[in-house]
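Relying on the hints, combine the two individually framed chains into one complex.
Listed in order, the protein sequences are those of chains S and R. Here the first sequence stands for residues 1 to 87, numbered as in the numbering used here. Here the second sequence stands for residues 88 to 402, numbered as in the numbering used here.
I should point out that these hints are in silico values taken from the structure, not numbers from a laboratory. Don't take every hint at face value.
Unchecked claim - DSSO-like mimics (lysine-lysine), calculated; alpha carbons at most 27 angstroms apart, straight line: (1) S:5 with S:58; (2) R:286 with R:170; (3) R:272 with S:53; (4) S:60 with R:286; (5) S:58 with R:286; (6) S:53 with R:286; (7) S:58 with R:272.
This structure is a prediction, so every number in the text was calculated from the model and none was measured.
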Amino acid sequence: MSELKERLKNLIIDALQLEDVTPADLDDQEPLMDSGLGLDSIDALELVVRVEKEFGIKIKNSEEAREALGSINTLATFIESRQAASA
Amino acid sequence: MAVGEPRNPGPSWGLRTIDWWDAHLPTPLRDAAVAIGGAVAYWIMPGQRAASREYLSAILGRPATHREGIRHFAEFTHGLLAKLRAGDRVNTHIDWADQTNRERGKILFSDESILLGTFHVGASDLMGFHVSQNGRGISMIRQRVANSDDIDRLLARSGDNVEIIWVNEASEIVFALKESLEAGKSIAMQCDRVEHASKTEGFDFLGAQREFPVTIYRLACLYGRPVQFYVALPQGDSRDDFDVFCSELFRPTGQRQTDRDAAHAHFQGVLVWLEGLLREQPYQWFNFLPLNPVWTADTNAPCRRSAQTPPSDAT
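Okay, chain R solo, but in the shape it has when bound (with noise of 0.2 angstroms):
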């Protein structure tokens, strides 16, 4: 399979460098070194300080300062090196937010086959992980690039529970999504980005109708599976414990029509809610790409095929 440029692209030794640091550091030198590595990726890393400004703009409601961009880059470093430490150097912790979310999400610890949905935001690659030590079966949807390091680290960790299918190549993902939904497996998938998705929508997000992919939902249409949104955030100043949070549960009738327009208010809400979360903790948003376009009539109508009309009342 060929293997896409990385998605952020530092220098090649960037994950082994902060690797090494998390490993032979003492905390505080460590996080010196993170909030320095962040200020130098800051500044030579000019597409991903703007769409970082762009966001934080947005979130905060106001034009983003410097410090915060670099602090936003720190945070992302520290991400990855909960991913790189996680089961190795630490024992990592997630666990439910609080009891309303461990309700909501009691579906995960069921037998159900369901399609996980998350955002590149906090420790979603954790989470899927976390799932699949419960002896969920799981595939991951995720872009191979040329940085995967972190993701081979965790998937070497994670036994046979876990596969991920590699997003590169469409035709190739159709038949991986089929064989795993027709084994019963759950599916996880990160519901932010449009780069791969043929199928988006129009919904409100950071004060925009922004498009964003809504794959999740027609597979779930399609196999009659429920989709929950689930996203891992660092708990207080910890970096190796996070607290789960979770979306409503949507659950497919097998009616066509009434599915799809449930399943666009089910995702406004659950934007809404991420929303939400994201101003509780503004620098968890590890997107670095400019931030979804914004919707309009003609965004999502290809060829000869008519515009599917986001349905009046959620709009």
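Here chain S stands alone, though its shape is the one from the complex (with noise of 0.2 angstroms):
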């Protein structure tokens, strides 16, 4: 799980561009979207498109995307249930 969340936070601050932004800085537990790291709904949308083709997984829908997109741990968890689920 820590190796996925690592490789999500990588994921993030590639996919954002997010500046001066390294892997330590982003906390497992900080909302991503609004008041955590501050995520619009075309960042949602990047965001998701890159999960979907480096996990191979499906977010079908703007409820699934905010329950994924709570926090690193929720994202986490959920690519981990699909992958689980597909396997």
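Structure (structure tokens):
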């Protein structure tokens, strides 16, 4: 799980071109949207597209996205559950 | 879905009234009624009047007169009427302005999925529906407001080729856009208002560096789709014949930073092109909101994220 979270942090930094941010700066529990990292709707779309491509999963609608993009923790859990379901 | 207040709130019976005038009055009488209605609206809608005068003064390069403001309101009403009667009481004619624009816009009639940009200028809604009549599936991004009857009427006449993505809920729009893009549909967006835009940059327009949304380019880069801007303006004095103008095409290369810089330069070119068209037909800018805010260094610096610095060669 920690390896997955590290991978996710690097993906977020790269996908969203977060300048001067390192994986260590991203807290596992910090909200990704709004008050936390401050991702907006287009950031969320960019992240969803990258996550789908990178992990071979599908995020079907905005409810799933909201749940998945809650934090690094929730995103990692979501990816693991999806991968387990399709294994 | 919650329905917002009308953008430019006139009386609730306004659309029905001008539609009745158009359907029942002889043309000279209808035009007189529109002129009087425009004058009344001009005086009872102070916010829209101020926005109109701000824009007209900027485009004309001198303080706008009340007469010019009233004409601006009347032209807007004629634009609404053109939408209300299109494909119903008249055979609306929309065609390329000339061979150069026809050649430049040929991608529109190919099978390639594209992102179509436009502005609150001329007959932009009619342009979208015109494109769909050529068999191209198109999703139009619009704000759902209480007076969207004109769009609903066009939608009812356009069959399955057109869908509207209402932007009132940001979280919903993301997946509606994703679905449309992944289904290979073309998307039409008006790219002048910043109220629902999360991604904006500064561009020279009407004498200042102003904030404009760049969402269309972010989507283009994300999905590898080309972007082209279209504007349909009245042909001469005609109310139902429109000339279509289109910008140069922007095609992302897949190199992220290169594409971001190229997109910024492209949109600056588009705004220069738009400003030129508006100088020819200054009463066709139908925004009626304050001009786009002047861009400052921290306009688009959200929370912990670093603001994108516009490339130095394009500002």
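Each hint, compared with the structure:
Straight-line distance between C-alpha atoms of residue 5 (chain S) and residue 58 (chain S) comes to about 18 angstroms, which keeps the hinted pair within the 27 angstroms bound. Taking the CA atoms of residue 286 (chain R) and residue 170 (chain R), the gap is about 30 angstroms. The hint is violated against a cut of 27 angstroms. Of the supplied pair hints, the one linking residue 272 (chain R) and residue 53 (chain S) holds, its CA atoms being roughly 20 angstroms apart against a limit of 27 angstroms. As the CA atoms of residue 60 (chain S) and residue 286 (chain R) are separated by approximately 24 angstroms, the hinted pair is consistent with the 27 angstroms bound.
Using a Cα cut-off of 27 angstroms, the hinted pair residue 58 (chain S) and residue 286 (chain R) holds, with the two alpha carbons roughly 25 angstroms apart. Taken as a hint, the residue 53 (chain S) and residue 286 (chain R) pair is honoured in the structure, with Cα atoms around 23 angstroms apart against an allowance of 27 angstroms. Annotation: proposed proximity of residue 58 (chain S) to residue 272 (chain R) holds, straight-line Cα distance about 19 angstroms (limit 27 angstroms).
The structure shown violates just one earlier hint, number 2.
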